[in-house]
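A.B. asks: Given only the sequences and the hints, what does the whole structure look like? Please build it.
In order, the protein sequences belong to chains A and B.
Take the first sequence: its position 70, counting from 1, is numbered 70 in this note's numbering, and each next residue is one higher.
Take the second sequence: its position 98, counting from 1, is numbered 98 in this note's numbering, and each next residue is one higher.
These are calculated hints, taken from the structure and not from any lab test.
Glycine included, each C-beta is placed from N, C-alpha and C at the ideal position.
Any given hint might turn out to be false.
Not everything, but these chain B residues come out facing chain A in the computed CB check (under 8 angstroms) [said to hold, decoys possible]:
| hint | residue |
| --- | --- |
| 1 | 10 |
| 2 | 12 |
| 3 | 33 |
| 4 | 39 |
| 5 | 41 |
| 6 | 42 |
| 7 | 43 |
| 8 | 45 |
| 9 | 73 |
| 10 | 102 |
| 11 | 105 |
| 12 | 106 |
| 13 | 107 |
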Amino acid sequence: NAGVTQTPKFRVLKTGQSMTLLCAQDMNHEYMYWYRQDPGMGLRLIHYSVGEGTTAKGEVPDGYNVSRLKKQNFLLGLESAAPSQTSVYFCASSFSSGSQTYEQYFGPGTRLTVT
Amino acid sequence: GQQLNQSPQSMFIQEGEDVSMNCTSSSIFNTWLWYKQDPGEGPVLLIALYKAGELTSNGRLTAQFGITRKDSFLNISASIPSDVGIYFCAGQLWTSGSARQLTFGSGTQLTVLP
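C.D. replies: This is the structure in structure tokens:
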């Protein structure tokens, strides 16, 4: 199993450009998440999905959109990149059974710089 | 929203020493998780705690879920150079139909000196 993979690993964008980050998991997890990590801060949740075709906002959703067309994939889009979106982005997934959600497993991250 | 205070922010210790770090919350959690992040990598789960008062070990690591459900600590015994990294606590409050989000602490940067 590859676990959680992310594409690309690095990207540099100019202000106003758009891009999509891809997350894929092969663990048949229901739940998927997108986080950003900034220096000196913990991970902050951007958006998450509790199943194919469903998404919801997290703590810092502004400027991002997501889609979950297939259970194994979760896409994060930036329509018009801003320097404030320079960050490291992590995708995670977790199994869920009933009312309990099990621990989240993280991908290796995408380092994004917006100039 | 829920706030997690993780301390200390950074630690410098000698190889072989024991380490302790903790997290406190303004509200209760059902689950406490401890992750380690190496440079350039994603966080890796170390220990998961599901019941108040639970004490769980994973090799040289021991973590406890506080009895009030508002705190947790992580101990590392006999530190070695590969223990270097950032350690994060994370709390989760899950109820039926809830968002099941994790709230992360700001991390403890651990440096092990030879």
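A.B. asks: Indicate, hint by hint, whether the structure satisfies it.
C.D. replies: We went through each hint and held it up to the structure:
1. 10: 10 angstroms, violated
2. 12: 17 angstroms, violated
3. 33: 6 angstroms, holds
4. 39: Residue 39 (chain B) check fails; min Cβ-Cβ to chain A is 11 angstroms, beyond 8 angstroms.
5. 41: Hint holds; residue 41 (chain B) Cβ to chain A Cβ min 6 angstroms, cut 8 angstroms.
6. 42: 4 angstroms, holds
7. 43: For residue 43 (chain B), the interface hint holds, since the closest Cβ of chain A sits about 5 angstroms away, which is under 8 angstroms.
8. 45: 5 angstroms, holds
9. 73: With a minimum Cβ separation of about 17 angstroms from chain A (threshold 8 angstroms), the hint on residue 73 (chain B) is violated.
10. 102: Interface hint status for residue 102 (chain B): holds (6 angstroms vs cutoff 8 angstroms).
11. 105: Result: holds, 5 angstroms to nearest chain A Cβ.
12. 106: Residue 106 (chain B) check passes; min Cβ-Cβ to chain A is 5 angstroms, inside 8 angstroms.
13. 107: 6 angstroms, holds
In this structure, the hints that do not hold are numbers 1, 2, 4 and 9, in rising order.
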